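J.: Spelled out from the first residue to the last, the chains are:
Number of protein chains: 4
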Amino acid sequence: MIKVGIVGATGYAGQQLYYILNNHKNVEVKYISAHSSVGVCISELYGNYSNIIQQKCIGMEGAIEKLDEIDVVFLALPHGTAFDLVEKAYKKGVKVIDLGADYRIDDAKSYETWYNVEHKNPELIEEAVYGLCEINRDKIKDSSIIANPGCYTTASILAMYPLIKHGIVDEKKVIIDAASGTSGAGRSGKIDNLFCEVNENYKAYGVTNHRHTPEIEQELTKACGSEVLISFTPHLVPMNRGILATCYGFLKKDVTHEEIKAIYEEEYGNERFIRLLDTFPQTRWVRGTNLCDISFKIDERTGRIVVISAIDNLVKGAAGQAVQNMNIIFGLDEAEGIDNLAMAP
Amino acid sequence: MIKVGIVGATGYAGQQLYYILNNHKNVEVKYISAHSSVGVCISELYGNYSNIIQQKCIGMEGAIEKLDEIDVVFLALPHGTAFDLVEKAYKKGVKVIDLGADYRIDDAKSYETWYNVEHKNPELIEEAVYGLCEINRDKIKDSSIIANPGCYTTASILAMYPLIKHGIVDEKKVIIDAASGTSGAGRSGKIDNLFCEVNENYKAYGVTNHRHTPEIEQELTKACGSEVLISFTPHLVPMNRGILATCYGFLKKDVTHEEIKAIYEEEYGNERFIRLLDTFPQTRWVRGTNLCDISFKIDERTGRIVVISAIDNLVKGAAGQAVQNMNIIFGLDEAEGIDNLAMAP
Amino acid sequence: MIKVGIVGATGYAGQQLYYILNNHKNVEVKYISAHSSVGVCISELYGNYSNIIQQKCIGMEGAIEKLDEIDVVFLALPHGTAFDLVEKAYKKGVKVIDLGADYRIDDAKSYETWYNVEHKNPELIEEAVYGLCEINRDKIKDSSIIANPGCYTTASILAMYPLIKHGIVDEKKVIIDAASGTSGAGRSGKIDNLFCEVNENYKAYGVTNHRHTPEIEQELTKACGSEVLISFTPHLVPMNRGILATCYGFLKKDVTHEEIKAIYEEEYGNERFIRLLDTFPQTRWVRGTNLCDISFKIDERTGRIVVISAIDNLVKGAAGQAVQNMNIIFGLDEAEGIDNLAMAP
Amino acid sequence: MIKVGIVGATGYAGQQLYYILNNHKNVEVKYISAHSSVGVCISELYGNYSNIIQQKCIGMEGAIEKLDEIDVVFLALPHGTAFDLVEKAYKKGVKVIDLGADYRIDDAKSYETWYNVEHKNPELIEEAVYGLCEINRDKIKDSSIIANPGCYTTASILAMYPLIKHGIVDEKKVIIDAASGTSGAGRSGKIDNLFCEVNENYKAYGVTNHRHTPEIEQELTKACGSEVLISFTPHLVPMNRGILATCYGFLKKDVTHEEIKAIYEEEYGNERFIRLLDTFPQTRWVRGTNLCDISFKIDERTGRIVVISAIDNLVKGAAGQAVQNMNIIFGLDEAEGIDNLAMAP
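Chains as they are written, first to last, in UniProt numbering: chain A, 1 to 345; chain B, 1 to 345; chain C, 1 to 345; chain D, 1 to 345.
For reference, chain A alone in the conformation it holds in the complex:
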């Protein structure tokens, strides 16, 4: 059994992680930590566990103390709050899978600019592997620190990676228009996230300056070797879960549907969590799953291509991919614990 700790277990991503890990046959959750709920039983916060699971939350201090008891620690925290823990875990040889942003940006300065916080151990960024499993699988196997990708990032990169890598679209003119369910905004008591503020509304936010922008550009730039420039606009949808990314590329040359199809098949044909569809993705068909549905359409009239991807922001966009990373690191079946399909409606 792999022994794990979850730090930040009571937010939406953290509890999704707890949910998955509790059903993972090779895992034992040794502790869960949540600074605002120390001593509170998880079932008091999440009634789905009532009468069945009674694990209590500990604090950050306890989480650090108990590093010796675990093989891997998952972090589902706001950025900039776990530098110390990561360093201690790393030194003890405890694998770190960080669902936050602290180790995603290769350049510490850029991180500090976008996230407006000082990076306390920039030397560990080099140790970290960007945990987008389908693209970095080999590096992940031997990693000590996983920078688990952001939700929008996962949907966006997976959609555009084949086109960028194969030089199909102008990498200087990519546009990604995406929308997310409200769980992406987290589980804190902000007026903006109240039911009455979100329901019957649709809005953009973070226009031109959302923090997932540099992450997407960084990874797509690696794919093609030339600086990629994207416009990224996230929107908030009155639903709990799901991300849809609608991506636009300007074709560098004439290509056929079959040629593009072949490229996606080449990159993703063997991937268990990517479904290349002939219809357009809908968030409901991947809800609660680790799947990423992708399809595309060439617009010959305008010389462009539209690629659409759908994921569950809490699963493939957070906790599910974190477990997928763990499975890779520990040599398990990559789909262990995350092999379910969506339940409808």
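None of these hints come from the bench; they were simulated from the model. Some hints here could point you the wrong way.
Calculated cross-link-like contacts (lysine-lysine; reagent style DSBU-like; alpha-carbon spacing at most 35 Å) [as the list claims (entries may be wrong)]: (1) C/Lys-261 to D/Lys-30; (2) C/Lys-253 to C/Lys-190; (3) D/Lys-222 to A/Lys-253; (4) B/Lys-56 to D/Lys-190; (5) A/Lys-172 to D/Lys-30; (6) C/Lys-91 to C/Lys-172; (7) D/Lys-56 to D/Lys-3; (8) A/Lys-165 to A/Lys-141; (9) A/Lys-297 to D/Lys-56.
A partial selection of chain D residues facing chain B, derived with a Cβ cut-off under 7 Å [unchecked claim]: (10) Trp-114; (11) Val-117; (12) His-119; (13) Gly-189; (14) Ile-191; (15) Asn-193; (16) Cys-196; (17) Val-198; (18) Asn-199.
Computed from a predicted model, the values in this text were never measured in an experiment. C-beta atoms are modelled at their ideal positions from N, C-alpha and C, and glycine is treated no differently.
Got chain A; can you put chains B, C and D on it based on the hints?
T.: Relative to chain A, chains B, C and D alone:
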């Protein structure tokens, strides 16, 4: 492997059944039938199965022809449409689990009055067992035909059964006020069920004459031996899934919280799918599960008791309970295939 | 022009009031107050006013200072927070219309028990008139302080008042099962009211002890002269607005539909804001309006009657009724400013 | 009083029109027509009118017969179903305001290609004026036939018109990513529009081939004199009303925020229904109104600009703009009957 057929597989209850049975380790789904989608692949209707499950629908005729290939047939059809199939299955020794209403009412005349249709094989009603597992488990084991309870019925009976059976409340003055998610209205193209008609709305329907009324009264009457009279009012909630039943009883005598608690524990203390809670049930905590959450509160001021139960209308209220019945009949672990908890949010 | 001040203008009820009063041709809103947004322009909080209305919030102190400039002050505050203001307004002869609970309960002790706060000026309770317009219109005309009824209260009393007053149902056995949209929970940053916590969920709360209970009993008791006992259970619906009250009465004697219809016509036949329907009310048809839709059904089988009423919790259940009260007090057309119908969908 | 007829009065756009016109002080609605509800009272379909408005629907034949009794006929019908009526109205001098698509596309052949139906009176296309009020106001005054713009079209053109007209962005590289509430899908009983299919889902549709594409390109092309090429992708949001268009342009040269602001002010500074905002538009702030909220942000990093607009698809995107057109034609205050703000929440 138990070989099963599903007739009416593309409605919301039918596809929930298909979803569960596809994940049931002791089951092979030999065929699915849907009169309006003959030849259509289930993944064209439910994109959650895309690229993964390719089973095609057959018609009612085919479903009858293939009875020889299966051990049990599940029916998820409108009432009055499967008399012929049930008769043929019964004669061939194929177990029948009917999610519809045709065999729930003991008295054929009463059925015909409430459902406004002629019963074609009333002699089979006697053969049928009312499949409320927690109450009729022993009879279910040896049954050939299971009349799987209605969704409101399951929530209502489970809530009030202990109080009625133990003579705690006046059986002539029961009131059950319940509310359901919209999947309970089925998957047909009615204007009343359009998003814009249901969203941002709350309404009662079937006031004093909903068809689940005689079913609830019949089973509660059996529990206490005296005719039970209920007022039952269902409501429609703008959400996909879930039923909450708020039940009111007039106490026949002074009782304490502990006494009532003991009665519920006596009846349900060993039930895996009933959770007796100290907080009030919410539909989200049982969503997607076969659980029934129950709690109660005595109102000393008025001499009454309020009991609240929550289920997922498509699972414990339909497909999940059908599978629970199958598990009982075939001697499997009763929770096989339906042992999951709710995913939040 | 009637000069008004609104204290607590940025909560959901307060802003509804502001919306209505801004469109009221006989009213000038002299000031709005909100302790957490002093100096903030209302359009920064409510973007519907952007570029059009620029009024800034003042604080409680300012609201008291400026009492001399207004004819009537509306309070949309939590209970127990405006005793001082009310007293000062009363002494200055400024009419008070209080959307909160402080002057609704005739007995100060009972108030203190249910609301868990000391009443600072119980002598003013006697001065206050319970502002349920259809029932207390005459008293309202000459009142100085209006205790504007609660939202659930309005729907519940209007539904049952004719039956109770005319001795049709057993006043000791009334049951009221009601449900509300989420704006009823207010506009504060509580986790329980986040979109992801409310959406796809339905729950009861305040079971047997909701604070609207004594208010309903008090007013219905006045109607029949004998103590009325109700069970009242509110529920939370994933929608923004609306209350539906499903009320159950045990008939004292045989009555016909026509007899009951006549009683409702007698009580409400001339009321502009009550619509007696032949179909069952739905919250959407009164959304954004000051209407109360009511219909009933006798259940001869069980000797009971079900009455269902629907209102908009923020309008007839709060701000609209407050304006209706103001219109009565100032001798205006009772429907001035609140004469719109619902917009669908 | 202007005497009007509404043909197609029971769909979502038609009833919105009816709602507005019933409150318009210069209008008398002489008849409403709806082929599937002949003889049915509007309040049976829309309970908001219960007990208050009793107008009955007539059929298409009656609508044509009664042309002599009206000054203007509004059409809220599917495309291709009212050629005959339009011709007869035109000949009789009855003004036509068509909310459908039949007279929007200048080139009949193009219409026939995109809409897959034969145009029966292409000679009338020339008579028709494209009724985007803010841009074509002068022509509208003297028109006989108004081709009222589509919902997505209105939001898209208003957002991009100033930039295209002033040559700020590359007209060959425009991308418009938009999302709509579900009322845009109409009020017919399609499974795709059921609550359970739309709720908790987000999807794109009509990718690269939505019928509003040629309409947007046509009008923007007129604005700059050079062919405009857009990629347009609509999405479906689980809400009733609202459209948000997120538009991307590649800047032809360096411009400052102030320069762009000045251009928008120049074009729209005096428009009563356009609000130029400093924050980003949200659909809720224009819900139920004829307003179009617009704001923009220059992305210097990528040399692009993002413009976001929000409207209510049924009001400014359909019925409200139709009334605005009528007001212009008949020389009324342009905001008569459509001068309300959004009600929140």
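J.: Hint by hint, work out which the structure violates, then give me just those numbers in ascending order.
T.: 2, 5, 6, 9, 10, 11, 12
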